[in-house]
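Spelled out from the first residue to the last, the chains are:
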Amino acid sequence: MAQGAAVRADHDYDYSNFYYSSSDDLFAIFGPYDDWWYGSARNNGYYLFSQPMSTKPGPEINLEDQLTHEHRDMLNLASYNYLGLSYHPEVVAAAKSALDHYGLGAAGSPILSGTMDLHMTLEKELAAFKKKPAAMVFATGYSTNVGLLSALLRPGDWAIMDQNVHASIVDGVIMSKANARFFRHNQPGDLEKKLKGTTGKKLVIVEGVYSMDGDTARLPELVAIAKAAGARVMIDEAHSTFVYGDNGRGVAESFEMEDQIDIHVGTFSKALGGQGGYVAGSQGLYNYLMGFARSRVFSCALAPAVTAGVLAALRVAAREPELRTTLWNNVAHFRKLMSDAGVDVGESTSQIIPIMIRNDRKILGIAQKLQRAGLYLQPIIFPAVAKHRSRFRVSISATHTPEQLNRAAGILVETLRSEGIL
Amino acid sequence: MNPGQVQYDYRHAIGGFFEFPTENARKLLPPHLHPVEPHHGQSVLSVMAFDFTAGSVDNIGPYGELVLSVHVAPRIEAGRPMARAAFYPFLVGTTTKESREHAIARWHLPHFPHNIDMNVTIGARDITVGAAHGGAPILDLHITDYQWETVEHYYQAYMHDASGSYMATMALRGRFSENEEERGGITLHPHAFTAGLDIDGVNTTPFRELWMRDGTQTFDPLETLQPGVR
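Protein chains in written order, with this note's numbering: chain A, 1 to 422; chain B, 1001 to 1230.
Keep in mind the hints are simulated off the structure, nothing from the lab.
Errors might be hidden in some of the hints.
[As the list claims (entries may be wrong)] Which bits of chain B does chain A cover? Going by a derived footprint, with three or more residues having C-beta under 8 Å, they are:
#1 1054-1060
#2 1065-1076
#3 1179-1190
[Said to hold, decoys possible] Derived lysine to any residue pairs resembling SDA-like cross-links, with alpha carbons at most 25 Å apart:
#4 A:LYS387 - B:GLY1004
#5 A:LYS362 - B:LYS1027
#6 A:LYS196 - B:ASP1200
#7 A:LYS177 - A:SER16
#8 A:LYS387 - B:ARG1173
#9 A:LYS131 - A:ARG218
#10 B:LYS1027 - A:LYS387
For glycine and all other residues, C-beta sits at the position ideal for the given N, C-alpha and C.
Chain A on its own, in the form it takes in the complex (with noise of 0.2 Å):
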């Protein structure tokens, strides 16, 4: 294509290309951006994602297809909804009742007048089941992270990060203004290069379970190699609370380390089925962020019927260690399915499982094929991961049967021997 021809919508693009414009005018990005979004984007896949679904987020769902507006029922492997507690009957009732006694929102920052008795019920009864002095309950899994970083890291610090930690530890960090490394993925020996030549404070940030690839942070190592350099540690356990050790409390647990680790951090919205977040750890950090997490200072306070579900969902989650039982038959059920039928899952070891396509190309097309057959997936895509790492992400529940598990499982199967993936 000669200069000054027109803009190509094309399949080689995507959000990537669109990060800067070349105008004073703050808009004029818009222009391009269209044009790749409305020319080929939306129509060749990317309108798979948002779509919007009619149901719980449960085993079956209903979901809409953007392109036709056909609404579709379909089994449901996308939703993070491990331990089923979203829908369960006495988290919907604790829910509703709140909603009767308390109304809708809490009016108010946590720290003004938006604190309830539930909230600290819940921070309360948290701190208990992580076996820590206190628990300090968030808004949004994204506000913890952004809030817990932003409140302790200073202009000089060092936060030496996992290469693969989610967004919202990387936003924190950047606004704490800490001087910023990553460490390549679970590579202790790179954490070991990364630490020399800082000094003064610093913190090492892992995840228990990474949530595109599902495999598990190599804690012993990297919690050795960050305290022989004097560095605390971070850890955050957004899809492995509730999930992993005998008891639930995370990774940290299944290795025994967590009094090795001094930060504790998770969601509700994932194995709990709600929403919000929370940093598990000393009265002293409890302290100081009630203090200085802003983004907690500045947002109204978790909703009462959402605070009320979440603590039933915990309840619920501590009380019936038979729901991980569940979810770990099941996902050795699913492991073994597509390891018979020769499907690529990664290096996944938890619930979360990939199936990788490695082919950019096709996946949206797969994808609509496989929603078209019954089966909800979401195409992880560059730059979410990797160049030729696409793949679906399958989110294991509790509540799948084994006969749900069976179908889901053949339709992907035939799906990806149909395009040649198998």
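Assemble chain B onto chain A, guided by the hints.
This is chain B only, laid out in the frame that chain A set:
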């Protein structure tokens, strides 16, 4: 090829994109260019090596070229080819005097002032380029392949010297392989060529590897950027 365009033919064009500290990148960039950060605080060092067979002007014959660049924000504008990436080459090395003088005069590219030696080793699914000068190693770049396809990709190169600021749009055509499998690598040696880099801060594994074969690199005429333009 349109009037005013300049074409170079190559057997191999390989590249590795390496994360390195933005603090280092900013020292290499003129103030009007901004580094692209794939991770906060981490910019992209591009190491590219070309095995050219000929150029369409100035009678430059076969030569090798090693280019160290920082990835910068591309110009995305209606009516302009969409660039896959934009680079600020901060140091170029060539194996011949003729190619060096040509690139300095035509493209305002900053050059290492001596001929370098480039040694290309091609494996079944990988390629290694070793660069040296006067017997002292500069770097060894190892790139692996993935799937091959024929492509036409656009890139932008930004140049800046005492005479002003410039931009060139280039099209790379040929057989192309690209991956982010993290199988390649680089060894940077202490040398005048690498003196602008904090070698310990450069990741030794590329997050992206590119390899093009049997193709062309076509430059549009150089554009002079106005003062203050981004």
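* Are three or more residues of the region 1179-1190 of chain B within 8 Å, CB to CB, of chain A? -> Since three or more residues must qualify, the claim that chain A covers the region 1179-1190 of chain B holds, with 4 doing so at under 8 Å.
* To do: Assess, step by step, whether the Cα of LYS131 of chain A is no farther than 25 Å from the Cα of ARG218 of chain A, and give holds or violated.
  => Holds, at about 22 Å.
* Asked: Quick one, are LYS1027 of chain B and LYS387 of chain A close enough, alpha carbons at most 25 Å?
  -> 29 Å, violated
* Hinted pair LYS177 of chain A and SER16 of chain A, Cα distance within 25 Å -> 24 Å, holds
* **Straight-line alpha-carbon gap LYS196 of chain A to ASP1200 of chain B, limit 25 Å** => 10 Å, holds
* Measure nothing beyond the straight line between the CA atoms of LYS387 of chain A and ARG1173 of chain B; if it is 25 Å or shorter, mark the hint as holding. => Roughly 20 Å separates the two Cα atoms, so the pair holds.
* For the region 1065-1076 of chain B, do at least 3 residues have a Cβ located nearer than 8 Å to some Cβ of chain A? -> holds (count 4)
* the region 1054-1060 of chain B covered by chain A? Criterion: 3 or more residues, Cβ-Cβ distance below 8 Å. -> violated (count 0)
* Between LYS362 of chain A and LYS1027 of chain B, does the CA-CA distance stay at or below 25 Å? -> 41 Å, violated
* Asked: When you check the alpha-carbon spacing of LYS387 of chain A and GLY1004 of chain B, does it fall within 25 Å?
  -> Not OK: LYS387 of chain A and GLY1004 of chain B at ~35 Å, beyond 25 Å, violated.
This entry does not satisfy hints 1, 4, 5, 10, going by the numbered hints stated previously.
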